[in-house]
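Protein chains in written order, with the numbering used here: chain A, 1 to 477; chain B, 1 to 477.
These aren't lab readings, by the way, just hints derived from the structure by calculation. Please read these numbers as outputs of a predicted model, since none were measured by experiment. Hints may contain errors.
All copies of an identical chain are treated as equivalent in the list; a pair is satisfied when it fits inside any one copy or across any two copies.
Derived lysine-lysine pairs resembling DSSO-like cross-links, with alpha carbons at most 27 Å apart [stated by the list, open to error]: (1) Lys126 to Lys63; (2) Lys28 to Lys63; (3) Lys312 to Lys63; (4) Lys206 to Lys85; (5) Lys63 to Lys331; (6) Lys126 to Lys28; (7) Lys63 to Lys336; (8) Lys126 to Lys336; (9) Lys206 to Lys439; (10) Lys331 to Lys126; (11) Lys38 to Lys242; (12) Lys38 to Lys126; (13) Lys336 to Lys371; (14) Lys421 to Lys410; (15) Lys331 to Lys247; (16) Lys38 to Lys85; (17) Lys206 to Lys416; (18) Lys371 to Lys318; (19) Lys242 to Lys85; (20) Lys336 to Lys247.
Protein chains: 2
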Amino acid sequence: MKQNKKMVDAITSRDADFAQWYTDLCLKAELMDYSDVKGFIIYRPYGYAIWEGIQQDLDRRLKATGHQNVYMPLVIPESLFQKEKDHVEGFAPETAIVTTTGVEDLAERLIIRPTSETLFCTHYQKVVNSYRDLPKMYNQWCSVVRWEKTTRPFLRGKEFLWQEGHTVHASEAEARKETLDILDIYRDLGKDLLAIPFVTGKKTEKEKFAGAVDTYSIEALMHDGQALQSGTTHYFGQEFAKAFDIKFQDENNQQQLAYQTSWGVSTRLIGAVIMVHGDDEGLVLPPYVAPTQVVIIPIQSQKIEVQQATQKIFDELKAAGFRVSVDDSNKSPGWKFAEYEMKGVPVRIEVGPRDLEQGHVTLVTRYNREKHQINLDEITQKMPDILKNMHDALYQKALEFVENNTYQAKTYDEFKAYIKKGGYVAMSISGEEAELMIKKDTTATARVLPFDQTLITELCPVTHKVATQTVWFARAY
Amino acid sequence: MKQNKKMVDAITSRDADFAQWYTDLCLKAELMDYSDVKGFIIYRPYGYAIWEGIQQDLDRRLKATGHQNVYMPLVIPESLFQKEKDHVEGFAPETAIVTTTGVEDLAERLIIRPTSETLFCTHYQKVVNSYRDLPKMYNQWCSVVRWEKTTRPFLRGKEFLWQEGHTVHASEAEARKETLDILDIYRDLGKDLLAIPFVTGKKTEKEKFAGAVDTYSIEALMHDGQALQSGTTHYFGQEFAKAFDIKFQDENNQQQLAYQTSWGVSTRLIGAVIMVHGDDEGLVLPPYVAPTQVVIIPIQSQKIEVQQATQKIFDELKAAGFRVSVDDSNKSPGWKFAEYEMKGVPVRIEVGPRDLEQGHVTLVTRYNREKHQINLDEITQKMPDILKNMHDALYQKALEFVENNTYQAKTYDEFKAYIKKGGYVAMSISGEEAELMIKKDTTATARVLPFDQTLITELCPVTHKVATQTVWFARAY
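Extracted from the complex, chain A is given alone in its bound form (with noise of 0.2 Å):
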């Protein structure tokens, strides 16, 4: 009964405490739970399913753009770690060390892997010869650790699940045009599979990856305004080569410095996702990332046509490769109804003895909530075109709320006054000074330096000085 009733609870709506809404519905659709330890969190089956949806989705991606998966050490030796000077200043406050067995004190400490740029160096440093071992383009799925003081499910924690990706390349040209593709494969992935419209483009100077020449940046917009920085790729030029003596004999027989970049996207999406399409009701769900897409619901199902039909439409739907469940516990309709909600399947279906005498079921769809009579005979049939509908919608539903929600300042007044209704707000500014001031009086960051870097005003509204680059800024999770 304790689990009925949390169920049947409501959420904090949205628009009263975004933050709190945010939690209820990770910990009520039973995404995740919390740990004894703070900032380590316990991906729970539904949430893990979601997050085995994008591996999927994008292994496969890597795997056809010639990317191999690889598996690195959990530790790294903490005099390895210092190799690369920006890198190790970016990640020297917050890792976790191993100083003992319990037994014996280590003789170097060892640091959890942050991030793995220094392991993939010193691979790539004994595997790389020859132009012709290259590039070399590897990848790997791991969590890693970092000291967060401050964390949140998903989108912040001490420990997170990612991938990231590493390369290795004989020109910057190859380098450079890498980092871009594996922008455009996360794009997509947000287009085609998340329903989430990514802004893409270049970090500033001050936002950029330790050790990073250039960093690029994929960022969604929350439900709130805020804007969530959701994956990132990185051009590192031949500083890593040269810290870790990464050299390969050209065609001419000369030693040249290989050219490298990183990049990765996290558990960090399902964030994304949660407060992109969540409503009051709960998940809403993309199907195509959807654990369940189909949800079947059987009323009276002491009936024998009611079991019959169910059976029907749940092996229908299975043997047309959909994922689909039924739902036959002696719970009441109602609080499935709001269960199925809470955890955003997409579709429902009801199969009632009323409706079957008409030939048809009653059908949901979680996303807007409209229910359809449909013919016991199309569902199958239908389903492709119901979920391709929905998540075309969703799509241009969060299109439409990024393109409502992005602004041009020509004033720093005008900026202040957009930034506190929320969403993005483009403005030209003079640099790194501007970009201070901004964070300071605002709050709002630097979210990325579009790809078209057309200047609003010719001064910076903050500076007075000659503006050089057009951002977009937001308040920032």
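Using the hints provided, position chain B relative to the given structure of chain A.
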């Protein structure tokens, strides 16, 4: 050229030095490399792809039987780890402990999971309330850390990759059934995917898992006559449930302690595949787990008819779902033959102009190195049978090896002579006293109590007391 040289060097012969042969093969087949921290290895793309093949196959079997994937934290608070007495005694000497972030020491030391019983139990305590919540059958894919002193690639590492299943049930019968069902799934994985005939049975009291009531094991027999424990399943009874207070309300509203199991296989399976099937030319991969099933090598690839035939064969095999690749690099055919034999690719197709004139190509099966001429138009159609016959032959060969190297001992002298030859020796013993003497005298350990417990002798040949159990012994990794 460095690369070329490395591959052409032969590896140590199996019979000359099995341990060296193994290490040579792991490195030269590019399965792994050493990292800067002893006992932590790098899984290179080819080695990791074998693990991915195992994961996919087993994950499918587990999901088909109602198991769900989750992800638990990497770290366990020291106090939590110590909650189940037997369990902590078994693992305490071999843990890696996080004590500091570099900036400040942790209030409580965190143990990197050597296994996750304590984490699963803590979670189950929270989510199991009623018999309606049972069973819970969770699994996770992750890496674990155990501070082993002696390490060998894939066989024993400070870190290894595995899956760990943890289940909770309402009755002893159901939990015991799960323990044996998973043992069957592991045995089937061996038979269907790895072409390894695992010997299965129960572990002796001495060899069982820390905290288990009963442990079962799958054991593989290596080419050198030593056994390799390749996976285990544990029935926990209510011991962990007591320690962690995992209770549920039964159908009569009574509070009951739950029954639990856990089970796992690891990247050690890769070691088993190497040591069961490999030969002096290198790795021999069973076809269904091989990352590349067919490699096509064009001979005189400048000739247009060779290029066209190569492309045609590749396209057809790929369209039919086989894992196929082409090596049209400018290395010599002989070098390529040696390389793909080292890597254990099941089928090599040589596409040469002279063969093509006759309308056929040369197909070489790795495991027996037999050459066949095969009609160009029949390759794809015949490939399923070629792979199936190869798989069956590998399994049959390994099965005969087990049968030919399994003995029964009626005296301790017989036992010692058989153990010296290598393989399994079945003997009926009085109990742990005999087990300890045998280990001391011969280094052989109890592998399993076979399910058929017919006694071979009435008295134990070692202690001359009444024999109570028949045990299969072997020297083991």
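Checked hints:
Only within a single protomer do Lys126 and Lys63 lie at most 27 Å apart by alpha-carbon distance; the minimum there is 23 Å, versus 39 Å between protomers. In this homomeric assembly, Lys28 and Lys63 come within 27 Å of each other (Cα to Cα) only across copies, at 24 Å, whereas the closest approach inside a single copy is 35 Å. In the homo-oligomer, the alpha carbons of Lys312 and Lys63 lie at most 27 Å apart only across protomers (22 Å), although the nearest pairing inside one protomer, at 37 Å, exceeds that limit. Taking the shortest Cα distances, Lys206 and Lys85 sit within 27 Å of each other inside one copy (16 Å), while across copies they are farther apart (51 Å).
In the homo-oligomer, the alpha carbons of Lys63 and Lys331 lie at most 27 Å apart only across protomers (25 Å), although the nearest pairing inside one protomer, at 44 Å, exceeds that limit. For the homomeric pair Lys126 and Lys28, the shortest alpha-carbon distance between copies (14 Å) is at most 27 Å, but the shortest distance inside one copy (49 Å) is not. For the identical chains of this complex, Lys63 and Lys336 are inter-copy neighbours only, at 24 Å across copies versus 39 Å inside a copy, given an alpha-carbon limit of 27 Å. For the homomeric pair Lys126 and Lys336, the shortest alpha-carbon distance between copies (22 Å) is at most 27 Å, but the shortest distance inside one copy (57 Å) is not.
In this homomeric assembly, Lys206 and Lys439 come within 27 Å of each other (Cα to Cα) only inside a single copy, at 12 Å, whereas the closest approach across copies is 64 Å. In the homo-oligomer, the alpha carbons of Lys331 and Lys126 lie at most 27 Å apart only across protomers (21 Å), although the nearest pairing inside one protomer, at 61 Å, exceeds that limit. For the homomeric pair Lys38 and Lys242, the shortest alpha-carbon distance between copies (25 Å) is at most 27 Å, but the shortest distance inside one copy (38 Å) is not. Within a single copy, Lys38 and Lys126 get their C-alpha atoms only as close as 39 Å, which misses the 27 Å cut-off; across copies the closest is 17 Å, which meets it.
With identical chains, the CA atoms of Lys336 and Lys371 are at most 27 Å apart within one copy only, with a shortest distance of 16 Å there and 62 Å across copies. Taking the shortest Cα distances, Lys421 and Lys410 sit within 27 Å of each other inside one copy (16 Å), while across copies they are farther apart (87 Å). With identical chains, the CA atoms of Lys331 and Lys247 are at most 27 Å apart between copies only, with a shortest distance of 22 Å across copies and 65 Å within one. In the homo-oligomer, the alpha carbons of Lys38 and Lys85 lie at most 27 Å apart only across protomers (25 Å), although the nearest pairing inside one protomer, at 30 Å, exceeds that limit.
Taking the shortest alpha-carbon separations for Lys206 and Lys416, only the intra-copy value of 21 Å comes in at or below 27 Å, while the best inter-copy value is 71 Å. For the homomeric pair Lys371 and Lys318, the shortest alpha-carbon distance inside one copy (22 Å) is at most 27 Å, but the shortest distance between copies (44 Å) is not. For a Cα distance limit of 27 Å, the shortest separation of Lys242 from Lys85 inside one copy, 11 Å, qualifies, whereas the shortest one across copies, 51 Å, does not. Taking CA atoms no more than 27 Å apart as the test, Lys336 paired with Lys247 passes between copies only; the shortest distance there is 25 Å, against 61 Å inside one copy.
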